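Undergrad: Going down the list, the sequences are from chains A and B. Just so you know, we're using the working numbering here: the first sequence kicks off at 1 and counts up by one. Just so you know, we're using the working numbering here: the second sequence kicks off at 1001 and counts up by one.
Errors might be hidden in some of the hints.
As the list claims (entries may be wrong) - Here are the in silico distance ranges between beta carbons for each label pair:
id : chain 1 : residue 1 : chain 2 : residue 2 : range
1  : B       : Val-1020  : A       : Asn-85    : 18 to 28 Å
2  : A       : Gly-142   : B       : Gln-1068  : 14 to 24 Å
3  : B       : Thr-1004  : A       : Ile-28    : 44 to 54 Å
4  : B       : Ile-1010  : A       : Pro-58    : 27 to 37 Å
5  : A       : Asp-62    : B       : Thr-1026  : 45 to 55 Å
6  : A       : Asn-85    : B       : Gln-1102  : 31 to 41 Å
7  : B       : Arg-1408  : A       : Gly-142   : 28 to 38 Å
8  : A       : Pro-58    : B       : Gln-1102  : 57 to 67 Å
Claimed, not checked - Which chain A residues stay away from chain B? Per the calculated CB distances, all over 10 Å, these:
id : residue
9  : Ala-6
10 : Trp-18
11 : Leu-33
12 : Val-36
13 : Ala-66
14 : Asp-69
15 : Tyr-188
16 : Asn-210
17 : Glu-241
18 : Arg-245
19 : Ala-264
As the list claims (entries may be wrong) - Dumping the calculated DMTMM-like pairs for lysine to aspartate or glutamate here, alpha-carbon to alpha-carbon at most 20 Å:
id : chain 1 : residue 1 : chain 2 : residue 2
20 : B       : Lys-1140  : B       : Asp-1315
21 : B       : Lys-1123  : A       : Glu-86
22 : B       : Lys-1117  : A       : Glu-164
23 : B       : Lys-1382  : A       : Glu-86
Calculated from the structure, these hints are not laboratory results. Predicted model only: the values in this text are computed from it and were never measured. The beta carbon of each residue, even a glycine, is placed where N, CA and C say it ideally should be.
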Amino acid sequence: MIRLFANAKYDFIKWRRWAYGLTALIIIPGFALFLVRGLNYSIEFTGGTLIQVRTPTPVGTDRIRAALDAAGIRDAEIQEFGAPNEYVVRTRLGATGTRAEGTSEATAAAVDSALAHGLGAGQYSVGRTEAVGPKVGRELQGKAFLAIFFSFIVTLIYLAFRFEWRFGLAAVLATFHDILTTIAFIRYLDLEVSLVVVGAVLTMVGYSLNDTIIIFDRVRENLRKYRRQNLYEILNLSINETLPRSVLTHGTTMATTLALVFLAGEVLRPFALVMTFAIFTGTFSSIYIAAPLLMYVEKRWPGQDARGARAFRPTGAVPLDAPKAPSPPAAGGSRSKAAV
Amino acid sequence: MLYTVRSRLIAIGILLVLSVWALIPTNATQRVRDAATGRMKDTTVRRVPINLGLDLQGGIHLALEVDQSKGPVPDPADAIRRAERVVRTRIDEFGVTEPVVQVVGNNRLIVELAGEKDPARAKGVIQRTAFLEFRITDMKNLFRDALPDVDKALRQAGVKPAGEGAAAASVTQLFGADTARKGKPAKGKPAPKDTSDANAPGALSSLLFQGQLPGEYLVPEEQVPVAESLLARPDVRRLIPRGIELRWGNEVSSRAARSYRALYAVEDRPIITGEELQDARATRDPLTNQSVVNFTLSRRGGRIFERETGRHVQDYMAIILDSRVQGQPPVIKGQIGQHGLIELGAKPLQEAQDLALVLKAGALPAPLTIIEERTIGPSLGKDSINDGIRAGIVGVVLVVLIMVVYYRWSGALAVSALTLYVLFTLAGLAAFGFTLTLPGLAGLVLSVGIAVDANVLIFERIREELQHGKLVRTAVDEGFTHAMSAIIDSNVSTALTAFILYLVGTGPVQGFAITLIIGIAASMVTAIFVVRTFYMIWLQRRPDMATLSV
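Okay, chain A solo, but in the shape it has when bound (with noise of 0.2 Å):
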């Protein structure tokens, strides 16, 4: 049989400040460069056109950027898409000066007519065109926008349900750790930011959630076995029961993610990327940022959980491996019966 982490008795806590170190290190340089130069927006968001163009044998960037200047298009990003021969011309709406409706879709055919002169006719086909007006776009500003805010609010009222609010409170302040470093990852690496991507962040919330609530369970479920512990010593107990758990879990759905990067292709590519950065990420701060938060937390406003807090270290006196108490019945025991 393999196990991984069994039984590990590692002192996650105690390199909280460690963590604290990393996670700012991380997030604070992306964010800088976020707020001065903020994030690539799809066209989407923007308002504006992206055709996709692949041609039999690669022509580079520079050959398209003269055809588009021939025809007077000087405000177009173009870039290598994927593949040497396959390239993305984006303009955006907010570039043109132009904001009525209609432009776009313009543009869209303008790009095309300067490649069919440039390129010539037969010489490159077009993979798929989009043109958004500014309205679309204003208004899937607006979607993002809800569908952001709609989930925080949702998942809050999961949490003052399932939780005490200094658990609530300390996850809450996790997940939003999480989406900090996620735009960091997203500026560093300069993803484009579509409405899947933010769809990909909003799953990464749900996902990173869940891994804190499954620790926070276990601490809830020690806090009642072990009596005698304090939180410290049962924060470090939860994350290693969970190890192996975490481990596992995380290694199948970043097998997924990293296949969808490696092989789904250019287009879903930020999207996978985001995803396999949410696990990377959502586990970190479910050990390091979560669990101390709660000492934190406990610290500042004692509830009954508390024991200890204070100390912020462990006693000593008891070892980590309590002997083994009679098992309670655990913290959804009853509820589970019902629903097999």
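Dock chain B against chain A, hints included.
TA: Showing chain B alone in chain A's frame:
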């Protein structure tokens, strides 16, 4: 109720049968371009009933709104309904299988053309200004009188009354088996004899059945392409009487289990056009309980209409929108001035409203502006599907490897449940008619990774219980019950986010949310219920099992 292995297996069996049933390829009506005539016709194809999004099958998605940049449009909601009506009458012109034309909100029109390759043409069809005209039908039956000459000309040109292939069979059915034979010898015979043979079914007249009113002919739906190609021939067009034009109807009517499309012979000169129309309203007369459409013409139009209708009392007047006769032409009962009314008899108010919309569409063309356009080439869509499937296979193989290597037999149980999971998820998509999009494909792959999470939670719990020295049977029971709250938690929070994404998102993102939600539901069933059942069977066969392969 589901405590015995037997009842559990029955439940799984039922789910399995339902899923397979949902995925059995069904007959779907598809409109395809007929290779011979270039027209669209209905055919049935068998396919797995999962809808593919435009990003996977390629096609054009257009969102249009009433253009208000050149001046405000008084009632945009009404204008967009008129535009929808107009685009619908042109649906045949799109060279695609199942065009979607739908009004979203109160001022937006969505047109989705799966498989269409030429965006410029599609946009042209949609944005063309609607043209409405009233024309008197062929009251003197000039067209019917010309039919023998047309048939003769066709016979001389070597066109046999029976078309080829499928058309031949149906004509034979209609007129008896000897029709086809009659036509053939006629071809070789000298011209004079043909004239006397005029009563014999000819190539064109055999396709036409006299309708209820002068100038109306019914053509069996499956013969429409044949009739159309015959009418398009130059030698036939030369013989159509001067002053008469042919226009197809927009409706298909069924009579005696066959469907017919109407063909109208109308005068080539409209008595009035949509320009003179100012308003049209549908009402239901409360006294007679009849649906009527009231219409108002301009002052100038009223004068013209008065003169024309005065000359055509008791004649039938075809209402033609974009060269398609709308409904059955009404009869002119008397002189009509600026205000007229069309009686629809006992027909539902809905039909009257539709006709009013047609009249207004011609009167007040709604200029449409394209606010969003997405075109995905069919090859890109195919590439996306292939890439997605490749990523899915690799992802699933990795998950299977991890599970089987790490949890051995129990892992194998989870993996076999995973195949059920994929089946259930696809069946869910098909059963509820959801659309599979590219992000949806990613959601499907991702949810395979998430699906095994429930099993991981259970197996880890079982391992812990075993470590605590519990018996195999107890450990399994406790493992399932104790892992349950964590499983419910993780699934509920993911499902909530996905649900919000579905409510708020647009097509592709909705596809992602849907596969995630269905995937979560399916994974709850397989990971908890199916795997538990496998365990029960396993433990029943080996009651004395001391160690568990987990």
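Undergrad: Take the hints in turn and mark each one as holding or not.
TA: Do the hints match the structure? See the list:
no. : hint                                 : in the structure
1   : Val-1020(B) x Asn-85(A): 18 to 28 Å  : violated, 43 Å
2   : Gly-142(A) x Gln-1068(B): 14 to 24 Å : holds, 20 Å
3   : Thr-1004(B) x Ile-28(A): 44 to 54 Å  : violated, 60 Å
4   : Ile-1010(B) x Pro-58(A): 27 to 37 Å  : violated, 60 Å
5   : Asp-62(A) x Thr-1026(B): 45 to 55 Å  : holds, 52 Å
6   : Asn-85(A) x Gln-1102(B): 31 to 41 Å  : holds, 37 Å
7   : Arg-1408(B) x Gly-142(A): 28 to 38 Å : violated, 51 Å
8   : Pro-58(A) x Gln-1102(B): 57 to 67 Å  : violated, 41 Å
9   : Ala-6                                : violated, 8 Å
10  : Trp-18                               : holds, 27 Å
11  : Leu-33                               : holds, 26 Å
12  : Val-36                               : holds, 29 Å
13  : Ala-66                               : holds, 24 Å
14  : Asp-69                               : holds, 24 Å
15  : Tyr-188                              : holds, 22 Å
16  : Asn-210                              : violated, 4 Å
17  : Glu-241                              : violated, 7 Å
18  : Arg-245                              : violated, 5 Å
19  : Ala-264                              : violated, 4 Å
20  : Lys-1140(B) x Asp-1315(B)            : holds, 10 Å
21  : Lys-1123(B) x Glu-86(A)              : violated, 26 Å
22  : Lys-1117(B) x Glu-164(A)             : violated, 57 Å
23  : Lys-1382(B) x Glu-86(A)              : holds, 16 Å
Of the hints listed earlier, those the structure fails to meet are numbers 1, 3, 4, 7, 8, 9, 16, 17, 18, 19, 21, 22, in rising order.
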